[in-house]
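Undergrad: In case you want the letters, here they are:
Protein chains: 2
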Amino acid sequence: MLTLARVEAAAARLAGVAVRTPLLENRVLNERTGGRILMKCEGLQHSGSFKFRGAYNRLVQLSPEERRRGVVAWSSGNHAQGVALAARMLGIPAAIVMPSDAPAIKLANTRAYGAECVLYDRYTQNREEIGHSLAAERGAVVVPSYDDHDVMAGQGTIGLEILEDAGARGLAPDVVIAPCSGGGLIAGIATAVQALRPETEIYTAEPAGFDDHARSLKAGEILSNDPAARSICDALQAPSPGALTFDVNRRLLSGGLVVTDDEVRAAIPFAFDVLKLVVEPGGAVALAALLAGRIDARGRTVAIVLSGANIDRAVHAEILAKAPAARL
Amino acid sequence: MLTLARVEAAAARLAGVAVRTPLLENRVLNERTGGRILMKCEGLQHSGSFKFRGAYNRLVQLSPEERRRGVVAWSSGNHAQGVALAARMLGIPAAIVMPSDAPAIKLANTRAYGAECVLYDRYTQNREEIGHSLAAERGAVVVPSYDDHDVMAGQGTIGLEILEDAGARGLAPDVVIAPCSGGGLIAGIATAVQALRPETEIYTAEPAGFDDHARSLKAGEILSNDPAARSICDALQAPSPGALTFDVNRRLLSGGLVVTDDEVRAAIPFAFDVLKLVVEPGGAVALAALLAGRIDARGRTVAIVLSGANIDRAVHAEILAKAPAARL
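As they're listed, the protein sequences go chains A and B.
Note that the numbering used here numbers the first sequence so that position 274 is 274, with each residue one more than the last.
Note that the numbering used here numbers the second sequence so that position 255 is 255, with each residue one more than the last.
To be clear, the hints were calculated from the coordinates, so they are not data collected in a lab.
Restraint-style ranges between C-beta atoms, simulated for each label pair:
1. 100(A) to 100(B): 46 to 52 Å
2. 314(A) to 27(B): 23 to 29 Å
3. 125(B) to 172(A): 50 to 56 Å
4. 255(A) to 138(B): 50 to 56 Å
These stretches of chain A come out as covered by chain B in the derived footprint (C-beta under 8 Å, 3 or more residues):
5. 43 to 50
6. 321 to 328
Far from chain A, some chain B residues (derived; all Cβ distances over 12 Å):
7. 5
8. 63
9. 122
10. 125
11. 133
12. 167
13. 225
14. 226
15. 229
16. 252
17. 255
Glycine is no exception: its CB is placed at the ideal position from the N, C-alpha and C atoms.
Take these sequences, add in the hints, and give me the full structure.
TA: Structure follows, in structure tokens:
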């Protein structure tokens, strides 16, 4: 079960290990939206995304024998880096199955953290099969990227920190929005936030074509994305909500917000020009939803998660070169 | 006189007005340098640089009559934005003399804050003459960018925050390094830090060719830069230390660190790839000094100021395109 106690236990394991990322506020963003926008900056987390939290919380609980045999994971790149770094810190061998078209920075960093990268074709091969057979060969533990209660609990520490840091300023979020792929980040956050402040509305943010959560939440059952869908958000391409994550999310979420790739392409230059932060496409969808007016922030306190910042320089430059200058 | 009390009074005026910018730490930067590096992120301040602090602290003390007549300032762009924004917040008309080759983002933002921009040629015209005659015409108050005790006191609040936020983590800086042009930022910081922790070593960071502080501190007298000097650091081109700032800095600083433009060109991609922060050239010189090994950080706690983040997209993209990938 995913409970507040489990998230709090994760927070105790991560204390002094994970970065206590800042909860930033920006004058221009507040003016633009009419609300108080609190940005949880997980791009500043170890490995450049929130994924380190869940990975470390899972790996640190492995037995000495499991640690010796190593771990296997599959990931478009941020869970890869999170697992690879946590494994290095704990002295655990790690093999990660990654799409061959993952951003170069994600592949390079995963290798730099000492993990073995096994590449596959995102559109023709099944990464889960590759991962499971690798794990079976080696007797290694599979570390899921979202459908695992300890992974979700690790990501949920973000919810605790949002409430604590907002509270220290005399604020409490009326709304929380987080990027969503398999649903582990939002499930962890929702578990923490709903337990401590049940009146908070919690929304996923997803790219168009990968809006499986928005549709599944509305339908009350797990729906999948069209396999032909494509998006600039390389980190948010899970085929459907996870079984364990959806069991949480169907109960705790208020709904799902959906943004176009063009809206993401506008949020990244806003982050550069105004927020002075690097954000990757998948990490920018909650910001994009806010800037695109998907939710009315006027008079409300809205916490958004900027969930990752692992973007290739050339992709970033191309997005910025094509975007009009951000207005102040 | 610039005293701790004056900096503390500035902090009281800025409380709830300026951003309490985060003091970030990065695992990779710590590993690379062997120290605990605390980064004071003033790019996240209102107007994208520390300059808002000093400008607001000066302007908020103007009389109703002075406020009505307005203010005049000259600046390469960050003091311009700081004054323009503080003036807008306080309902004060502002005219700013800016070089015609200032970064486009600095000109656009200064205008967006509602200030009148008067352009001059950085290499053939005298901005102080233009500014003084404008102020005389209008009966406006001149707001110096560094040689003013209230401006320095405002910037000095950064020193207070570094000590407080480091202290909250059980740390105290052995060394503080800040970018330096006219010397107001470092004078304010040094006044606060030396009063509270006299054993701290405090260093300026300057670009080669504009190393007037490094040389003046060594000589014990104010020395000027060669007017033919050029640097990518558009914000750090004051001709010599200020009279008031040098009076403080000659007593309180340990020395000056100097970096090449190429070292700045390496620090900006490091900030993007690893720190996930936008930094402008002048804002990156303390980071560049650290990465270039100008100071031995091993076993020490070193606070550096990332003082500004107002950089044109195209300049940023060009610097990143030419730089090798940052190693983790």
